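**Q** Chain order of the listed sequences is A and B. Using our numbering, the first residue of the first sequence is number 67, and each one after it goes up by one. Using our numbering, the first residue of the second sequence is number 4, and each one after it goes up by one.
No lab work stands behind these hints, which were simulated from the structure alone. If you're wondering where the values come from, they're calculated on a predicted model, not measured in any experiment. Please note: incorrect hints may appear among the correct ones.
As the list claims (entries may be wrong) - What follows is a list of derived Cβ distance ranges for each label pair:
no.: 1; chain 1: A; residue 1: Q79; chain 2: B; residue 2: A284; range: 30 to 36 Å
no.: 2; chain 1: A; residue 1: T159; chain 2: B; residue 2: D38; range: 17 to 23 Å
no.: 3; chain 1: A; residue 1: T159; chain 2: B; residue 2: D35; range: 42 to 48 Å
no.: 4; chain 1: A; residue 1: C93; chain 2: B; residue 2: E408; range: 56 to 62 Å
no.: 5; chain 1: A; residue 1: T159; chain 2: B; residue 2: N331; range: 54 to 60 Å
no.: 6; chain 1: B; residue 1: E411; chain 2: A; residue 2: T159; range: 34 to 40 Å
no.: 7; chain 1: A; residue 1: T159; chain 2: B; residue 2: D424; range: 48 to 54 Å
no.: 8; chain 1: A; residue 1: M75; chain 2: B; residue 2: E197; range: 24 to 30 Å
no.: 9; chain 1: A; residue 1: T159; chain 2: B; residue 2: D112; range: 45 to 51 Å
no.: 10; chain 1: A; residue 1: T159; chain 2: B; residue 2: E14; range: 35 to 41 Å
no.: 11; chain 1: B; residue 1: D38; chain 2: A; residue 2: M75; range: 41 to 47 Å
no.: 12; chain 1: A; residue 1: M75; chain 2: B; residue 2: A410; range: 22 to 28 Å
no.: 13; chain 1: B; residue 1: K80; chain 2: A; residue 2: C93; range: 22 to 28 Å
Stated by the list, open to error - If you want the footprint, here are the derived chain B segments under chain A, 3+ residues with CB under 8 Å:
no.: 14; stretch: 382-396
no.: 15; stretch: 603-611
All C-beta atoms, glycine included, are put in the ideal place defined by N, C-alpha and C.
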Amino acid sequence: MDEVKLERMTDPQGTEILKVSGGVGICEAGEFREALLLALEAAPEVRVDVTGLTGIDLTGLQLLCSAHQSAVRRGKNLHIFDGGNATFRDTATGAGFQRHTGCPQDRACSCIWVGGES
Amino acid sequence: MMDLHRQAFKEEAYELLAELESSLLELEERPDDQDLIGRVFRAMHTIKGSGSMFGFDDIASFTHEVETVFDMVRNGKLSVTSRLVNLTLAARDQIRAMLDAADSGAEADLQASAAIIVGLRELAGFGGGVAETDERHEEALVQQKDPVTYRIRFVPPRDIFVTGTNPLNLLAEMKELGTCTVVAQTDGFPPLEEMDPEGCYVYWDVILTTDQGENAVRDIFIFVEDDCELKIDVVAEHSRYDEQQDYKKLGEILLERGDITPQEMKEVLSRQRRFGELAVAEGILPEGKVQSALAEQKHVKEVRQEKQVADASSSIRVPAERLDLLVNLVGEMVTVQARLSQTAAQRDDAELMAIAEEVERLTAELRDSALNIRMLPIGSTFSKFKRLVRDLSAELGKQIEMTTEGAETELDKTVIEKLNDPLVHLIRNSIDHGIELPEVREAAGKPARGTVHLAAVHSGDSVLITIADDGAGLDKEAIRTKGIERGIIPANAELSEKELFCLIFAPGFSTAKTVSSVSGRGVGMDVVKRAIENLRGSIDITSVRGQGTRITVKIPLTLAIIESLLVKIGDDSFMMPLALVDECVELTREDVARSHGRNLAHVREHLVPYIPLRRHFKISGAPPEIEQIVITQVDGMRVGFVVDHVIGEHQTVIKSLGRAYKDTEGISGATILGDGSVALILDIPQLVQAVETEQN
Chain A
67 MDEVKLERMT DPQGTEILKV SGGVGICEAG EFREALLLAL EAAPEVRVDV TGLTGIDLTG
127 LQLLCSAHQS AVRRGKNLHI FDGGNATFRD TATGAGFQRH TGCPQDRACS CIWVGGES
Chain B
4 MMDLHRQAFK EEAYELLAEL ESSLLELEER PDDQDLIGRV FRAMHTIKGS GSMFGFDDIA
64 SFTHEVETVF DMVRNGKLSV TSRLVNLTLA ARDQIRAMLD AADSGAEADL QASAAIIVGL
124 RELAGFGGGV AETDERHEEA LVQQKDPVTY RIRFVPPRDI FVTGTNPLNL LAEMKELGTC
184 TVVAQTDGFP PLEEMDPEGC YVYWDVILTT DQGENAVRDI FIFVEDDCEL KIDVVAEHSR
244 YDEQQDYKKL GEILLERGDI TPQEMKEVLS RQRRFGELAV AEGILPEGKV QSALAEQKHV
304 KEVRQEKQVA DASSSIRVPA ERLDLLVNLV GEMVTVQARL SQTAAQRDDA ELMAIAEEVE
364 RLTAELRDSA LNIRMLPIGS TFSKFKRLVR DLSAELGKQI EMTTEGAETE LDKTVIEKLN
424 DPLVHLIRNS IDHGIELPEV REAAGKPARG TVHLAAVHSG DSVLITIADD GAGLDKEAIR
484 TKGIERGIIP ANAELSEKEL FCLIFAPGFS TAKTVSSVSG RGVGMDVVKR AIENLRGSID
544 ITSVRGQGTR ITVKIPLTLA IIESLLVKIG DDSFMMPLAL VDECVELTRE DVARSHGRNL
604 AHVREHLVPY IPLRRHFKIS GAPPEIEQIV ITQVDGMRVG FVVDHVIGEH QTVIKSLGRA
664 YKDTEGISGA TILGDGSVAL ILDIPQLVQA VETEQN
């Protein structure tokens with residue numbers, strides 16, 4: 067997998083943006099979790115940009131899903147923007163993460179897996 | 004019974020091999036086409052699976068090798084190259100040879116099989132020889148079963164990632180087994196801060212429909228089964244769909260899975276809201292479980308619908324001999340019906356006439372249905388020719404592309420079979436004599452790659468098959484010179500282009516300067532013409548020097564029954580194929596006297612040559628005062644046949660003449676008339692040719 071690159075920035079509206087590029091595997095999972103936690107701490111609105119992902123495994127998918135659930139529990143919003151990234155979508159589909167409706171925590175209809183099916 | 008199954012397997016295998024060949028040829032042109040790669044793999048997989056089931060172990064084991072290689076191609080581990088296509092085509096031929104050998108009890112060439120396997124293994128990058136084959140064959144003995152839909156709950160251990168197992172690969176393997184719906188369960192996730200990033204919290208519900216059996220599913224989990232929670236339940240058996248009730252309700256699925264208790268379900272059902280919504284709202288079920296159950300419901304519904312569609316469009320495989328027998332019986336019935344109609348007309352009995360008319364209507368419908376059953380698209384034959392073009396062009400160092408059109412055009416199975424050899428010959432000629440070598444073509448300003456276009460189209464009760472090439476075209480001067488040399492035409496003969504081209508149909512005629520492995524031995528076009536005429540067809544050539552040649556073969560749709568014109572000469576009856584008949588005119592004694600013995604009739608200001616059949620067949624007795632000329636079209640020329648009386652149109656069930664009469668000139672078969680007498684079917688083109696030869 068390509069080396070992971072995690073960049074955090076804040077846009078003029080105050081949204082915290084976490085841009086993830088390269089590959090997220092088990093070796094990068096710890097680093098990825100920390101970045102997600104920091105982003106969630108930093109702002110009520112978080113956007114994780116995965117357009118630059120070149121690979122992701124189940125650890126990465128789990129962390130994204132858990133980050134979303136945690137955000138909802140804290141009354142925050144976490145959105146994932148994949149920009150049509152085929153690697154990301156294919157992995158999520160193959161892992162059966164795609165679904166028709168979000169989980170019970172998904173009150174703002176922001177579930178990252180909604181809209182597809184395996 | 005087993006023999007029947009073996010026979011059915013062989014028939015299926017032959018069809019699959021034909022499909023495989025065309026897929027491979029297409030794959031050579033589009034090596035990245037995943038659909039084609041999938042088709043090749045599936046064909047091999049089916050031959051292997053069914054072969055092993057019906058005792059064709061050699062075929063199963065051999066096919067397994069090719070399947071393995073194509074599995075690599077399918078998974079992107081190997082690319083499609085010319086060598087792979089060549090080897091797979093050779094493997095396809097070898098499987099065919101093995102199937103043929105199974106009939107005769109002979110053994111297929113084991114060395115050839117071994118050579119192909121070695122080649123494939125080299126290509127795939129794994130060495131080893133044939134010795135491994137038996138071991139691999141173990142895998143081939145997969146028991147094919149009726150599809151079953153399983154519900155699999157797979158809860159991996161928390162440390163599965165650390166042990167190096169990737170559950171995604173296990174899911175992918177399940178997808179290989181059949182139709183698969185995967186639902187990840189994420190409801191047990193801890194908050195992010197408590198989550199061990201290297202731990203596995205997700206688990207899956209998988210709905211899988213497969214014909215591979217439960218063991219194949221369990222095999223996937225063989226290395227993790229001890230550590231994980233694995234539950235495999237049968238949700239639906241396809242063989243029992245008809246007796247099974249309608250789609251299971253959501254609550255029933257959740258109950259079966261143990262995700263909800265009967266009491267909880269009862270409580271929820273007592274409210275008037277949708278079950279899933281209620282169960283989630285009440286906190287009885289997490290959303291993921293409901294999603295998963297809904298996915299199962301949807302999966303089973305879709306698979307069942309697919310099966311229903313497949314059932315609706317199913318067909319049955321019937322040996323060709325049974326259809327031939329059916330057509331023969333229908334033929335007999337047509338004859339008896341004609342007799343009934345004739346008798347009814349003679350007796351002038353209204354009731355009998357009404358019955359005869361009814362029988363006539365039913366017989367016509369039955370005849371059309373029986374003949375339609377034997378109609379097949381000519382496409383499968385076209386595919387075979389693609390292989391021929393590929394192999395021959397490689398052999399002759401030419402670049403040739405074959406294009407086809409009208410592959411869906413249907414023809415009687417017998418006609419298609421008999422058409423094969425003449426078409427092979429014509430295509431060979433196009434490749435060998437027609438299309439030039441790449442450098443010659445380029446020097447002439449043409450693309451290096453030549454084209455042979457094969458087209459089929461319906462035209463009335465016939466099919467026109469065209470073989471057109473963009474090659475050198477026919478050399479009229481060379482044909483003329485050769486014709487004079489061989490004494491076929493006089494030195495000063497003035498021939499139209501059409502007549503000149505017809506010379507190439509003369510026996511032993513060849514303008515080729517050298518004899519190649521393909522053609523040029525002077526054997527050929529006369530045989531082609533004869534074969535086409537035996538099919539009651541005709542052949543026509545047009546050619547432009549330097550631009551190419553177009554050969555059009557006109558063939559009747561079926562050989563079994565034809566519409567014909569019944570004529571009489573004295574007491575003898577004859578049939579003339581109606582498709583060739585233009586019109587009938589009278590011939591009086593005065594007309595004969597005016598033509599001064601030249602056998603020419605004036606028909607609307609045009610002279611039409613005629614053949615007096617009474618004289619030609621040496622039938623004794625005097626002709627009537629007014630005879631009839633039946634004017635026909637032969638090779639674009641109008642030729643008349645003089646008979647005593649024209650009786651009318653007739654449906655003719657063709658009976659072939661016995662071996663003793665097979666060389667009888669001008670007669671192509673016989674038929675039985677309503678009164679039980681025999682009528683001979685005239686071979687019009689052959690009669691014209693015979694008279695021309697006689698006059699020359």
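**Q** Are the hints correct? Go through all of them and say.
**A** To see whether the hints hold, each was checked on the structure:
no.: 1; hint: A:Q79 / B:A284: 30 to 36 Å; result: holds (34 Å)
no.: 2; hint: A:T159 / B:D38: 17 to 23 Å; result: holds (20 Å)
no.: 3; hint: A:T159 / B:D35: 42 to 48 Å; result: violated (22 Å)
no.: 4; hint: A:C93 / B:E408: 56 to 62 Å; result: holds (58 Å)
no.: 5; hint: A:T159 / B:N331: 54 to 60 Å; result: holds (57 Å)
no.: 6; hint: B:E411 / A:T159: 34 to 40 Å; result: holds (37 Å)
no.: 7; hint: A:T159 / B:D424: 48 to 54 Å; result: holds (52 Å)
no.: 8; hint: A:M75 / B:E197: 24 to 30 Å; result: holds (27 Å)
no.: 9; hint: A:T159 / B:D112: 45 to 51 Å; result: holds (47 Å)
no.: 10; hint: A:T159 / B:E14: 35 to 41 Å; result: holds (39 Å)
no.: 11; hint: B:D38 / A:M75: 41 to 47 Å; result: holds (44 Å)
no.: 12; hint: A:M75 / B:A410: 22 to 28 Å; result: violated (60 Å)
no.: 13; hint: B:K80 / A:C93: 22 to 28 Å; result: holds (25 Å)
no.: 14; hint: 382-396; result: violated (count 0)
no.: 15; hint: 603-611; result: violated (count 0)
In this structure, the hints that do not hold are numbers 3, 12, 14 and 15, in rising order.
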